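Residue numbers (the working numbering), protein chains in the order written: chain A, 1 to 112; chain B, 1001 to 1781.
Keep in mind that the hints were calculated from the coordinates and are not lab data. Errors might be hidden in some of the hints.
[Said to hold, decoys possible] Coverage of chain B stretches by chain A, computed from C-beta distances (three or more under 8 Å per stretch; other residues unrestricted):
| id | segment |
| --- | --- |
| 1 | 1223-1230 |
| 2 | 1477-1488 |
[To be verified] Some chain A residues close to chain B (C-beta under 10 Å, calculated; not the full set):
| id | residue |
| --- | --- |
| 3 | Gln9 |
| 4 | Pro10 |
| 5 | Phe11 |
| 6 | Val33 |
| 7 | Leu55 |
| 8 | Thr83 |
| 9 | Ala97 |
| 10 | Ala99 |
| 11 | Arg103 |
For clarity, every value in this text was computed on a predicted model and none was experimentally measured. C-beta: ideal position from N, C-alpha, C; glycine also.
What follows is each chain in one-letter form.
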Amino acid sequence: MKKIEAIIQPFKLEQVKEALKGIGIDGMTIADVRGHGRQKGHKEVYRGQEYEVDLLPKVKIEMVVADARCDEVVRTLVTSAQTGKIGDGKVFIFDVAEAIRIRNDERGESAL
Amino acid sequence: MNVASPRSNPLEELSARAADVDSRVRAGFSAHLAPVFPVGLAVLAVGGYGRRELFPHSDVDLLFLVDRAAPDRSSREALSAFIQSLWDSKLRVSHSLRAVPECCEIHERNIELNISLLDQRFLIGDSSLYRRLQEKLPGFLQSARPTLERALASMARARHAKFQNTVYHLEPDVKESPGGLRDVNMIEWFGDAPPAGAKDFLACVRSFLHTDAGRDANQLTFDLQEQLPSHDSPEALMRDYYRYARAVHSALLRRIDVVESAGSGLFAGFREWRSRLTNADFTVARERVLLKAPLQLRTDRDLAMRLFFFVARHGISPARDTEDRLRAAAPLPVPSPAWPVLSEFLRLPNVAPALRAMEDTGYLQVLFPEWKDMECLVVRDFYHRYTVDEHTLVTLRTLEELAASTDPDRRRFRDLLAETEQLHLLRFALLFHDSGKAARTGNHSVESVRIAAEVMNRIGAPEAEAKTVLFLIDRHLELSSVITSRDLEDPDTGAWIATRTETLENLKLLTLLTYADISAVHPEAMTPWRREQLWHAYRAGWREHTRALDEERIAEPTAFEGFPVRYSRTHTGEQMQRHRDLIERFRTLGVAVDLARHGALWTLTVVAPDRPGLFASLAGALAAAAMNIVKAEAFANAREEVLDTFVFADPTRTLELNVEEVDNLRRTVEQVVLGKVSVEKLLARRPRPRRPATSARVHPSVTIERDLSRTATLIEVVAEDRPGLLYDLTNVLARNGCNIEVVLIDTEAHKALDVFYVTAQSAKLPADLEAKVRAELLNVI
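Required output: the full structure, derived from the provided sequences and hints.
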């Protein structure tokens, strides 16, 4: 099993969700996050006042999928989240040791 | 009484349950404790159990009264066996062990122990030991009463704060929320009777919640609201709930006010300084407004409104007694048209507490009968935590908190709020932005617009102001949607926002409305994430509104042909009509000057043939008359006619106190336009302004941007404001042959923010001229 963590542009969320739904991925955790990578924050001057804009709003999507589906999911995610501009985000993939459904103690991929 | 359960008397049921537990406790005592404690131990019921109000899954609170503080080992083992037997019989026991002297002293760190003893009763054990407690406890409670009452008041305040001090939660906790059962208990501890029917109602609901969940669950969730058997609909149930909760909350607050007002001398003295606000109608005592002659409420139709104005001006709420009297005196109909009074009211700094007092006393419902449909209105969704009326009042409070905020994260929005000139319209829009929810059509914005239009028509709101309010209500969800669904860096998004908001002022108002609306959904709704996104959306729209100021021109063959598009985006229809009239007058007379007062500020509008240095000359004429310019704009049309507007303060009130000076100034300006008077000569006579203290000075700066505009050089000047500053700046530009294409002058407190879009010989300034202008500007600021 793989855990896929994607940081994407907020306005791309609906499109990404729809695309994932299209390939049968419904379960995911979504959070509003702020941060920066290569698209660094900047100082903004508005009417003579300087404001630090160092953390930019993004959306984080997390999901755990079976190994066999990982490539397809990542491909769908990247395609649907892409604008080609700086700030599109990143995808991280982690190995998952175990998944347990709390309700009935079911384990492994069937617990996903 | 429409109670939540078909059973006749819920309190009897609680009492019966307590009696059943009594017998089990006594049986356990006989089995486990009597052999070890023939004397020296009494078992007392305390807390809710002590009151004989034992809910199905509430804790059974016991107090072991002992004659010595530390029992020996065999006694401890017997006590353990006793408690275990009660747990084994499914009772959730919580216990404490105290000697008589401990029960009769204040426990600063465990005041709950003192409070639990307010509801104690003897169950079984050493009755002579209990008699000793009975002899001492009443005297102790009497002497400690002020301390205990203050502790109760402070506990209630802290608990209420956890629930944002409101009864209007969509899924309330019937025990702990303001107006819940804990408040009922507190009212009883203070020695008062709770509002009729409230205790039965709340007890019924809580019993149901316990039974349904099989545990001590007290939240009346959406699902459970549908399952309570005695009400036809969840809406009917919740209306009853809010009615009782409001009465309980109000009764407790009334008592807490009394307790706190008898508080420490220092605190009371600190709060008394506001008593100097006392006037002919009202007295301010202990941070509350009292009526001097309450009976006048029956005859003086304006007294109540004067009171609400007083509250809105000073931010001090009416005393409970004042509210009771307002409630008892039937509100008189509002004089018609109400708009002039209302718009003045809505400009005051503390409208939120005044509107809340109006709602609590029924005046808001008389002023706007439509409000009744929003009262206690439950609309279920994932996000909202409050009823519609409460959410609305919280939006208004949010704006006032924002105005006073020192939080660096909120500073941008606070500054935006300070910039807006139509706060009264923003507040009116907030009052009705969700009014259409009662119709449950699925698109409440449309219904809210319809309701607000009717209201504004009835109260005589001018068309232009109504238009702004209806615009805000109609679009009130758009920015919320934009921040999650559009690429805020995409220029198309900025263009879309600018088109939808039409004017920069509308964009500011809509941004602030969205800020207040999101913040009032629940206390955590306005996350830093949302705040950042909302600001990005505002900036995207702002950039578009102010972008290419000299690029896009009005093409329609009107008086404004050739003006930048920004002109139509930054002026209301009413202002444009006034300008149209002025341009017509200019075409007949050769010059048109209008001087008008708007509140504390004056506006000078001039239409004249364009010529180099004209703007500087006008600024100089105002400076020579000791006027302080706070805003200015200049626009030129295709026929080289210029429309220059200056908003200025008259610090010495010359114009206000001497009517003839208004004509004198108008004439002087006309002569300056026609070149008949030299501005230099006028300025030579003006007094030199005093410079502010060094500590208050703004760090002056001149920023030159070549790339922000396609055809002009942008010069931004930040400087300490002073009379004559604008003249000095524009004079530098005129002297250097710079043509001012667009000028945006603004003042925030003592800081001037002046932006000029300038060209020289119809092109951007060459580098050497840029450097020269910059140096000269720095020299005059």
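Here is how each hint holds up against the structure:
no. : hint      : in the structure
1   : 1223-1230 : violated (count 0)
2   : 1477-1488 : holds (count 6)
3   : Gln9      : holds (7 Å)
4   : Pro10     : holds (6 Å)
5   : Phe11     : holds (5 Å)
6   : Val33     : holds (7 Å)
7   : Leu55     : holds (7 Å)
8   : Thr83     : holds (7 Å)
9   : Ala97     : violated (31 Å)
10  : Ala99     : violated (27 Å)
11  : Arg103    : violated (18 Å)
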